[in-house]
Amino acid sequence: MNNPFSLDGKVVLITGSTRGLGWASAQAAAEAGATVILHGRSEAAGKARKQELEARGLKADYLAFEMADRDAVTAAIPTIIQRHGSIWGLVNNAGMLLHNTIWDETADTYERIMAVHMVAPFLLTKAAAAEMRKVDAADRGRIVNISSIAFSSPRAGICNYTSAKGAIVGFTRAASAELGSFGIRVNAIAPGYFVTEINKERLADESFANKIKVRTPAARWGDPSELGGPTVFLLSNASSYVNGQLLFVDGGMSHFLHSV
Amino acid sequence: MAGRLDGKAVLVTGAGSMGPGWGNGKAAAVLFAREGAKVLAADLNRNAVEQTAEIIRGEGGRAEIFVGNVTDEPSVRAMIAACVEAFGSLDVLHNNVGILKAGSPESTTVEDWDRILDINTKAFFLPCKHALPQMLKQGSGSIINISSISGFRNLGAPYIAYNTSKGAVVSFTRNLAATYADKGIRANSILPGIIDTPMARDATIQTSGKSEAEIDFEALAKARAARVPMRRTGTAWDIARTALFLASDDSAYITGSEIYVDGGLNCVA
Ligand SMILES: NC(=O)c1ccc[n+]([C@@H]2O[C@H](COP(=O)([O-])OP(=O)(O)OC[C@H]3O[C@@H](n4cnc5c(N)ncnc54)[C@H](OP(=O)(O)O)[C@@H]3O)[C@@H](O)[C@H]2O)c1
Ligand SMILES: NC(=O)c1ccc[n+]([C@@H]2O[C@H](COP(=O)([O-])OP(=O)(O)OC[C@H]3O[C@@H](n4cnc5c(N)ncnc54)[C@H](O)[C@@H]3O)[C@@H](O)[C@H]2O)c1
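Those protein sequence lines, which keep their order, are chains Y and F.
Under my numbering, the residues of the first sequence are numbered 20 to 279, in order.
Under my numbering, the residues of the second sequence are numbered 52 to 320, in order.
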């Protein structure tokens with residue numbers, strides 16, 4: 020019986036996949052049969068992760084570039100096409116947090132965060148979709164954008180991040196309307212609170228870490244591996260008629276308001 | 052290859068189909084079985100549900116049937132008990148039953164309002180009410196409730212009672228999810244868009260004011276497909292695949308969520 024979750028023979032770029040949620044998605048996609056293009060700013064980390072996947076008999080390659088560097092971003096998809104011939108999936112996952120109150124915020128920090136979380140995903144989507152369009156098939160490709168629970172339940176001090184994570188949801192919906200007719204589906208994931216490096220300071224802060232447990236109906240932080248299934252779902256045929264969606268992967272947090 | 056639901060006991064309500072072809076419940080039951088689940092296919096209509104079970108067994112899968120009514124409490128109790136008795140557990144509850152009758156706020160009779168709200172809300176309330184004790188005992192379970200895009204978007208035809216009942220699916224599911232998430236029980240809603248099923252055909256007949264023979268279903272299907280970003284209407288299999296994801300451990304940290312399976316219909320002006 021054919022497996023609707025299979026990514027056999029598909030080339031998938033997952034940005035920010037040297038650790039955290041991106042690495043979890045990369046492992047799941049590779050296990051589903053994809054050739055995963057790993058990515059982060061660090062060459063060494065990309066290379067090490069590639070070797071790690073290959074040692075498990077999985078297929079991988081890597082690229083290293085800064086998401087805020089437009090030229091480097093623009094070169095990424097052509098490089099993949101040159102090396103692998105095609106691209107089926109793009110997961111716009113790379114991201115970073117930069118805490119600022121509105122009083123400390125500047126146009127520069129705002130622009131930097133928008134460049135990483137919104138402008139680079141747009142450029143990658145445009146370049147990848149242009150390649151997907153060339154494929155002679157009805158079903159041509161998938162884009163998955165990683166938004167955040169911050170989009171629906173933000174906290175103080177992350178206006179820049181939350182704005183960018185909202186922008187990517189608007190982009191997802193508009194791009195789905197536009198690219199759907201080309202056989203390209205665009206969806207987003209809103210992760211809740213996961214144990215990754217991005218949350219290092221919050222995990223170290225016992226009272227905050229506990230607050231998240233109480234605020235999450237599942238009563239625990241998410242494990243990065245729990246993002247692998249949703250990513251593969253959206254990249255594969257399992258989500259055959261899902262388009263323009265924001266999928267919350269948050270242990271129920273987005274619909275729960277419990278006072279601590 | 053190992054199936055995604057190997058060894059899991061699944062109850063699908065409305066697992067028959069109201070007409071020839073594939074309804075949402077029927078396709079879900081068959082896909083779950085293909086992925087290794089033991090399926091209790093429940094329906095009011097014995098003939099319809101026997102057909103579903105025969106398809107599953109014909110493919111080498113495991114299926115039992117239960118003929119009963121999801122809006123009748125003793126029947127639902129017996130349905131849950133039958134699942135546990137046959138398979139030893141109840142790991143996935145797929146609430147698919149829903150009925151449709153056209154009517155605007157002015158034209159809907161009180162009798163129709165009561166009947167549609169009663170059936171379409173008890174269809175998820177009662178099976179959940181009686182499945183929860185078993186799932187609590189297990190410390191695990193996944194509940195999937197079938198809502199509809201029309202619970203939140205008016206698609207142009209008057210279905211005031213049906214649409215209200217489908218909106219209720221989502222608020223019920225969110226509340227249930229928040230209450231049981233720390234007990235290992237997840238609950239999510241699927242919101243199908245325009246899906247080609249026997250039920251949709253029936254809906255077209257109801258609102259057209261014409262006889263079945265007079266309707267050009269092909270032209271209608273084309274016009275509907277053109278509204279959707281993916282340029283096609285959905286099939287029962289599209290709904291079944293998303294249900295499979297929610298039923299499986301791949302969605303372990305997803306609860307209280309809604310997934311529209313509509314090709315992007317809710318994203319266009
Ligand atoms: N963890 C959560 O709770 C959570 C919740 C909601 C949303 N998210 C989102 O999920 C995504 C992944 O987060 P994570 O928790 O996995 O974070 P993480 O563990 O810090 O991983 C971030 C990844 O992105 C890369 N990266 C960061 N900034 C980059 C830049 N400017 N250019 C290129 N690559 C960059 C990192 O590699 P290098 O450092 O080597 O560049 C790393 O591979 C982000 O978009 C984040 O906003 C996370
Ligand atoms: N087809 C669409 O376009 C569409 C769109 C949105 C939502 N939906 C939803 O999908 C679900 C139905 O899908 P389907 O295609 O399987 O429909 P269907 O009508 O083909 O099948 C439903 C089955 O439920 C059974 N049933 C009805 N009342 C029952 C009761 N009280 N107890 C037990 N069984 C009962 C019927 O006998 C029938 O076999 C509904 O919830 C509907 O609202 C469908």
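Treat the hints with care, since some could be wrong.
Computed list of lysine to aspartate or glutamate pairs in EDC-like fashion (alpha-carbon distance at most 16 Å, straight line) [stated by the list, open to error]:
id : chain 1 : residue 1 : chain 2 : residue 2
1  : Y       : 232       : F       : 124
2  : Y       : 230       : F       : 233
3  : F       : 180       : F       : 105
Here are some, though not all, of the chain F residues that point toward chain Y, as calculated from beta-carbon distances under 10 Å [stated by the list, open to error]:
id : residue
4  : 228
5  : 244
6  : 293
7  : 315
Hints listed in this document are in silico derivations from the structure and should not be mistaken for laboratory results.
Treat the numbers as computed from the prediction; the structure is a model and nothing was measured.
Ideal Cβ positions, reconstructed from N, Cα and C, are used throughout, including at glycine.
Now the hints, each set against the structure:
no., hint, in the structure
1, 232/Y / 124/F, "36 Å, violated"
2, 230/Y / 233/F, "15 Å, holds"
3, 180/F / 105/F, "29 Å, violated"
4, 228, "5 Å, holds"
5, 244, "7 Å, holds"
6, 293, "6 Å, holds"
7, 315, "3 Å, holds"
Of the hints listed earlier, those the structure fails to meet are numbers 1, 3, in rising order.
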